[in-house]
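Protein sequences appear in the order of chains A and B. For the first sequence, the numbering used here assigns the number 115 to the initial residue and increments by one for each residue that follows. For the second sequence, the numbering used here assigns the number 115 to the initial residue and increments by one for each residue that follows.
In case anyone wonders, no lab produced these hints; they're calculated from the structure. Small disclaimer: the values here were computed from a predicted structure and weren't measured. Be aware that a few hints might be false.
One copy or two, either will do: identical chains are not told apart, so a pair holds if it fits within one copy or between any two.
Here are the computed lysine to aspartate or glutamate pairs in the DMTMM-like style, where the Cα-Cα straight-line distance is at most 25 Å [as the list claims (entries may be wrong)]: (1) K622 to D598; (2) K134 to E343; (3) K144 to D555; (4) K265 to E125; (5) K509 to E523; (6) K246 to E272; (7) K345 to D399.
For reference, the chains in residue letters:
2 protein chains.
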Amino acid sequence: MAEDIFKQFKEHSVAEFFKKNRQMLGFSGKVRSMTIIVHEYVTNSLDACEEAGILPEIFVQVEELNKETKDHYRITVKDNGPGIPKSHLGKALGQMLAGTKFHRYIQQRGQQGIGAAACTMYSYITTGQKTKAITCHRGKKLTADISIDFKGNKAVVEETSEEPTEETGLLVTAEFKDVRYERSNQGVYEYLRRTALANPHCTITLMDPNNEKSVFPRSVEVNPQKPFEIKPHPLGITTHDLLEFARVNENRKVSSFLQNAFSRVSAAKVDELRTICTEVDFDKDPHELSWEDAEKIVKSFAKVKWIAPAMDSLVPIGKERIETSFRNIFNPEIIVVTERSPRVYRGGIPFMVEAGIAYGGGLVAAEKKGEVMRFANRVPLLFDNSGCVISETIKSIEWNRYNMKNFEEEPVAVLVNLLSVHVPYTSAGKQAISNEEDVADEIKLAVMEAGRTIQRHLSGKRRAHEIATKRKVISRYINQLSSDLSDLAGTKNKKDLLARLEKIVDEKYSQEDLGEEKGEVATKDSAKVDEGEGEE
Amino acid sequence: MAEDIFKQFKEHSVAEFFKKNRQMLGFSGKVRSMTIIVHEYVTNSLDACEEAGILPEIFVQVEELNKETKDHYRITVKDNGPGIPKSHLGKALGQMLAGTKFHRYIQQRGQQGIGAAACTMYSYITTGQKTKAITCHRGKKLTADISIDFKGNKAVVEETSEEPTEETGLLVTAEFKDVRYERSNQGVYEYLRRTALANPHCTITLMDPNNEKSVFPRSVEVNPQKPFEIKPHPLGITTHDLLEFARVNENRKVSSFLQNAFSRVSAAKVDELRTICTEVDFDKDPHELSWEDAEKIVKSFAKVKWIAPAMDSLVPIGKERIETSFRNIFNPEIIVVTERSPRVYRGGIPFMVEAGIAYGGGLVAAEKKGEVMRFANRVPLLFDNSGCVISETIKSIEWNRYNMKNFEEEPVAVLVNLLSVHVPYTSAGKQAISNEEDVADEIKLAVMEAGRTIQRHLSGKRRAHEIATKRKVISRYINQLSSDLSDLAGTKNKKDLLARLEKIVDEKYSQEDLGEEKGEVATKDSAKVDEGEGEE
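Chain A extracted, bound-state conformation (with noise of 0.2 Å):
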């Protein structure tokens, strides 16, 4: 009887995992499949023309094939990338867990070479059609028809044409049933716009079933500085990853294989970890560190002082930027941005974080309260905000303290971008950020800087009103108390009575002005940078 259920053991791929699980890619619900399709192809788009060096130009299409049921669409993304060589087609977009983006260090927005494949399978599994594909690269031209072999997580490829070209560039498009295109938070225009928002030097152009054109173009001429794959940092590495790296090193001695498998490891550190951790000989061959050796290596890691992992790794969208983009959405009363230095989490793997908060003025006309927007490497994250380590820890912040009564209730939009070359999303949805306490956080210190500007705002601004109302209520009596005491005196000098009085009552309240006036520099500031940068 046991054995019966044995016999029907049986092994999986994880195409078939996938196919059956759909909703861990993020197809649930069809306005939500259908962005997160458009999402997939163009966080490719702009990974492979920033890899290439190329200004990114991205069109993407969203045609209507059915009218009544509304949920059949043809989706096509295309981009000007150096294109895919007819070797890697197939992988790249019939195969999961294929690619560039899963082992590298590097910050990228694709992390798991699952997104192309999951929507060449989505298309497949909801009109039996395959994707096509036109990839121009190096002088070819070629045409391709892409579906996926379940069974064993393999591409099907048919080549249909191949011939010259002059162009670089990559064409996906596919059929799609399941989804529908809705102008709303969370369709494929509020994407395409967050994307833009987030990443200046792109001009994206949207075509969407009604034909309506929307042109979002670059603000900025140059791409972003390039983000450089790193070696992992020491701090955070575990033994089983310090095992691992030793396993495929090429290095004789420990010693030496420290220095070039880490970031941050110089000779110096070295020699200081060797008194740290005397146990261990750092000049035998890697390959026969134990698990204890190991152990005491990653324990003395702690010991040591490091310095944090290049910044230069890591490239946030920046304060202007966010600063800019926040005026155009929201037009609010102030905005203040803080961006903090990188750290590492679990595994050495660097990260840093970036937030904004943006407070009353339009967001008060518009009705906006409690609005969080979330970025990980400038790719906007619309869905799954209850899940999302960002959500909840600007949730959990005590927003008392900075004047506010309660997040939900007042007029303050808060954006955090999260970068890294590995961000812990909690599914391969990639929709939302796991909770490392580390990330937490640094989410929390960002978000609670630039709390503190706007708290030392709102306060001025209500020192502010009391001191005019004081200053109201006096002057009321100066003119009177003036005669009276020119009366009382006898003198007739009452003019020059209430202009001394005047003056004493201006330089009085002019002074208790400077707490305010402190506040408000961070409005000043960033007016200043939305000069001359127009968006959209």
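Assemble the complex: chain A is given as a structure, and chain B must be docked to it using the hints.
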């Protein structure tokens, strides 16, 4: 340059993927990781026992191996199940996406064939140790050490001994770091307690790090009726599903294929389909079905009236059990439990929802407010509350309709158990359920149904209160009135008058009371159920 990047193109195994993205398996945070491990082992044990028709006896031991760091433990889980044959031990404990769970259409706790291998992985990457298994199966007691070859997602099994035995069962024991034992709401104790509540037929023993023993004894002496493997239901089957089934089927004709591949498809129904779907030849070979044919058949499925999927393919916790559990945990003022009949979602997957609401009484005393208890196939879900369709749906309900201000502010606890042959979890961590429209609707209906009875109860109480006050006020006057009247009339029958006035008042309000009585029925019901049955 673009070529260089493609030199870095690599393929990865699902084991490597989840090793890098351990948070997707639920391994984020020390307490959570500990609970997830126990969860994976225990659910496997329960499934194995029930599959073999054995009353589950499960022993869980958590030993602390480092009192200083407080993050290094050994976890052992032993069951009295059928054990695992030598031939499958490695695949079951050391290979991801292998097993009996993934492809069968049957209500089980485990569904992915990842869990146990994930624990083996986590033990290895945090401690470098292998997972030890002792399986007693068919008279043989096999002891083996198991680890994973990540590159190939294959198990590495080293047998250490084999001897004869009378027993059956599986014992798994492994060391873990980056975990912590805590007696919190998300800890192992609470997890096992809730498991016991939803599985009255199993006895669970926990030996905690302080060697404190907690026993959750069974309160029912028989296993729940065994859920059986079913065929998918025509409703909600996608075109792609239909073609997949056709590809592997052995019937010669579409008509017989439909009858054999799907549940509820009788010869009569096939005839009905013929008349609706005339363009398709039902006598042709199923292997020759085109996408268009399949699409037409699926469309016609929607036009036929079907019997709901087999009720007994899904086994709920049951009304009495949920009421008893609620009483044991909260001892509330009122309990209402509703059970919906099964429905299907995406891909003809049957599911059903049972829901319970407890209000007032002990909840007030314990200051519990807006508590949500989530279960899926009798498995308690303790994490990712915010991202789960159950919590989201409960919060979306307009509770003021049911005489409650705000869910979070009322002394109310809601329990929802989702039963399905395939629970659409949001991630491989299996702690939150994805927002499938059909599922959300059923949850809402189930909870609202219970809500209405609560509402009657509450408004009844409110009315009873008003009546009592009215009555008190009036009674005050009766005495005075009766004497005044008798004086006025010059009679001496004050006593008589008083009695008659009181009678009138009594009658009036005893009638009005009826409304209230109704409201309370529910309480009385569940009170009865409580008798005899004790928990722990």
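These are the hints, each one checked on the structure:
1. K622 to D598: within (23 Å within a copy, 76 Å between copies)
2. K134 to E343: Close across copies (17 Å), not inside one copy (35 Å); limit 25 Å.
3. K144 to D555: between (35 Å within a copy, 16 Å between copies)
4. K265 to E125: both (9 Å within a copy, 16 Å between copies)
5. K509 to E523: both (12 Å within a copy, 18 Å between copies)
6. K246 to E272: Cα proximity of K246 and E272: one copy only (10 Å, versus 48 Å across).
7. K345 to D399: The answer is within: 20 Å in one copy meets 25 Å, while 58 Å across copies does not.
Checked against the numbered hints above, the structure violates none of them.
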